[in-house]
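*Asks:* Protein chains in written order, with the numbering used here: chain A, 885 to 1147; chain B, 5 to 269.
Since the hints were derived computationally from the structure, they do not count as laboratory data.
C-beta: ideal position from N, C-alpha, C; glycine also.
Among the clues, some could well be false.
Listing some non-contacts, in silico: residues in chain A with all C-beta distances to chain B over 10 Å [as the list claims (entries may be wrong)]: (1) Leu900; (2) Thr903; (3) Gly909; (4) Phe918; (5) Ala929; (6) Glu964; (7) Val1010; (8) Thr1014; (9) Glu1018; (10) Pro1060; (11) Val1088.
Partial chain A-side listing against chain B, Cβ under 7 Å, derived [to be verified]: (12) Ser912; (13) Ile921; (14) Leu923; (15) Lys1090; (16) Leu1091; (17) Thr1092.
Cross-link-like lysine to aspartate or glutamate pairs, in silico, EDC-like; alpha carbons within 20 Å at most [claimed, not checked]: (18) Lys981(A) with Glu1079(A); (19) Lys1090(A) with Glu1056(A); (20) Lys31(B) with Asp104(B); (21) Lys887(A) with Glu898(A); (22) Lys201(B) with Glu1056(A); (23) Lys145(B) with Glu60(B); (24) Lys31(B) with Asp1057(A); (25) Lys31(B) with Glu925(A); (26) Lys1067(A) with Asp1057(A).
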Amino acid sequence: MRKYVVIYQSVLMENLQYTANIAMGFISYLILIFVFIHLWEYMYAAPGDLIAGYTKAQMIWYVMITEMIWFGARSSTIREQVSADIRGGNIAYLVNKPYRYPLYILAKYTGEWNIQLPMYAGLTAVIGITMVGEIPDFHWITLVAAVPCIVLGMTIHAVFKLCIGMLSFWIEDANPFQWLYDKLILVVGTIFPVEIFPAALQPVLKLTPIYTVCYGPAKLIVDFSAGKYLEILLAQMLYLAFGSVILFWIYEKGGRKLYVNGG
Amino acid sequence: MLTAVKNQMRVCALAVKYNIMREMLNKVTFLTNILFMMFNNATFIVQWVILLRLREDVGGYTMRDVMLLWGLAASSFGLSRLLFSRVFSLPELIINGKLDAYLVQPKNVLLSVMTSATSASAIGDLAYGLLLVCIFCFSVKRLLLFLLFTVTGALIMTAFALLMGSLTFWFVRAEMFASHMVSSTISFATYPDGIFKGAARFLLYHLIPVGMAIYHPVHIMIAFDGRKLLAVLGYLVLLSAAAVFVFYRGLRRYSSSSLMQSGRV
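Throw the hints in and build the complete structure from the sequences for me.
*Replies:* If you want it as structure tokens, here you go:
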């Protein structure tokens, strides 16, 4: 375990040197939030309207938090490095190191998002309070309670991205599958809360990563309830266990397909 | 003069042809990229079905108009990436001194750079746009206008990416700024202009070229307006001229990264 902590710490320190670069990513985040604020302002004809049980302020905060998670989780390590290591053959060196490759990648990724996410969280708080106002009925304790859900959500996201990246053991380019997963999270998960979908679809959506990665943490911050909290935590733990089994299964299976050309 | 232009166009066409042939070397990957990009774009239909269940229109756009907007945005961006993909990575070429290879060629530097790469997934974008317009709002007149505006939209997006990318000749940090500005064009292009008001609307029609590349053309396809058509064409000429001017001004500041010394050339 200690070796993963060392990897995490070194990536964390490295990322601390590049906070200015991370801050440049704020431009895209601000533009998207700008679009969504305008969109939801248009959709809510009157300020007191409710859509799927959300007020306008709750809906905009929901979108800002899910986008914050999305931008905070952006990482070339889980998106590109795994595929590149497999396609380029670098994996042959990495599998011989005294660590488990998927855990090595997860430690690196954690070091990255531990810097990115707090920066986006600060920005979200500033924009939200200045442009939308405070979250209705918000208590600081809900934010503290939501932290484990955010950590679990970020990890589940990485586990699924890694599973997709490791498809490169079989296909040359796993990017198209990454696009589909990203769009599932972005289009269905970040823009709308699950309650907005038709009742028949909602149980299906609760089985997708959307529920544990985006919806869960954001819902708890904008509309906390103890029952929902336990339900989301349980779903996340089950999801993480399931995802980890799949990840190591793919890794073991894929590792057997590995051959080295030399050079 | 005419022969020189003709030769240059021939070289560009050959460059694009060989770029696509290179992408086709692995046929499975090539086809997967195209098909998955179309699926990827199609996921956004879910978003609009949900939004249009909540209200009859969004920013004055019905489902048909939104599909027209999405189709044009996808096709324009697709055509731009298909023909001039390298423009979108121009900052990387400038920072790493990789323009050297183009400077020694006996043809136009800018066109050589622009046509030196392609993207297979861009074919998926282009095809998706055409498919949308054929399914949701087909008429011969609209299809012809759509093809015209796909070309103007692609040229406006390319010129904007060139202009933003050329700023890297002066500022290294402009690399990320350019990338965010170009991606913002796509973010705005897929939402109706009717939801934006005041200063935001002004920015979209002047600073970020979405208004002229996408919004005006969509309005023209819904209800023809000759003045708007002239405005789009005029804007295209002005933006392209500005982008070419800035690129060549910046090129004077360019210095090689001496790849010869590292033994890579």
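*Asks:* Work down the list of hints and note, for each, if the structure agrees.
*Replies:* To see whether the hints hold, each was checked on the structure:
1. Every CB of chain B is more than 10 Å from the CB of Leu900(A) (nearest about 18 Å), matching its label as outside the interface.
2. With a cut of 10 Å on Cβ distances, Thr903(A) stays outside the contact zone with chain B, its closest approach being about 13 Å.
3. In this structure Gly909(A) is not separated from chain B by more than 10 Å, as the shortest Cβ-Cβ distance comes to only about 8 Å.
4. At the 10 Å boundary, the C-beta of Phe918(A) falls inside the reach of chain B, the nearest C-beta of that chain being 7 Å off.
5. Look at Ala929(A): its CB is around 8 Å from the nearest CB on chain B, not clear of 10 Å, so calling it non-interface is violated.
6. Here Glu964(A) stays apart from chain B, with its beta-carbon at least about 15 Å from theirs, past the 10 Å limit.
7. Against the 10 Å criterion, Val1010(A) stays outside the reach of chain B, whose nearest CB is about 19 Å from its own CB.
8. No beta-carbon of chain B comes within 10 Å of the beta-carbon of Thr1014(A); the shortest separation is about 16 Å.
9. Every beta carbon of chain B lies more than 10 Å from that of Glu1018(A), the smallest distance being close to 24 Å; the non-interface claim holds.
10. For Pro1060(A), the requirement that its beta carbon stay farther than 10 Å from each beta carbon of chain B is not met, with the minimum near 3 Å.
11. With a closest Cβ-Cβ approach of about 13 Å to chain B, Val1088(A) is found to remain outside the 10 Å limit, as its non-interface label requires.
12. Against a cut-off of 7 Å between C-beta atoms, the interface hint on Ser912(A) holds, since the closest Cβ of chain B lies about 5 Å away.
13. Violation of the interface hint for Ile921(A) is found here, the shortest Cβ-Cβ separation to chain B being roughly 10 Å, above the 7 Å cut-off.
14. Checking Leu923(A) against chain B: minimum C-beta separation of about 5 Å stays under 7 Å; hint holds.
15. Violation of the interface hint for Lys1090(A) is found here, the shortest Cβ-Cβ separation to chain B being roughly 17 Å, above the 7 Å cut-off.
16. A cut of 7 Å between beta carbons decides the hint on Leu1091(A): the least distance to chain B is about 17 Å, and the hint is violated.
17. At a threshold of 7 Å, the smallest CB-CB gap from Thr1092(A) to chain B is about 13 Å, leaving the interface hint violated.
18. Among the hinted pairs, Lys981(A) with Glu1079(A) is inconsistent with the structure: their alpha-carbon atoms are about 46 Å apart, more than 20 Å.
19. Straight-line distance between C-alpha atoms of Lys1090(A) and Glu1056(A) comes to about 31 Å, which puts the hinted pair past the 20 Å bound.
20. Distance hint between Lys31(B) and Asp104(B) is unfulfilled; the C-alpha atoms sit about 32 Å from each other, more than 20 Å.
21. Note on Lys887(A) and Glu898(A): the hinted pairing holds, with a Cα-Cα distance of about 17 Å set against a maximum of 20 Å.
22. Annotation: proposed proximity of Lys201(B) to Glu1056(A) is violated, straight-line Cα distance about 46 Å (limit 20 Å).
23. Between Lys145(B) and Glu60(B), the direct Cα distance comes to roughly 27 Å. Violation of the 20 Å bound is thereby established for this hinted pair.
24. Between Lys31(B) and Asp1057(A) the alpha-carbon distance is near 12 Å, which keeps this suggested pair within the 20 Å criterion.
25. For the hint pairing Lys31(B) with Glu925(A), the CA-to-CA distance comes to about 46 Å; that exceeds 20 Å, so the pair is violated.
26. The straight-line distance between the Cα atoms of Lys1067(A) and Asp1057(A) is roughly 17 Å, inside the 20 Å bound, and the hint therefore holds.
When held up to the earlier numbered hints, the structure conflicts with 3, 4, 5, 10, 13, 15, 16, 17, 18, 19, 20, 22, 23, 25 and fits the remainder.
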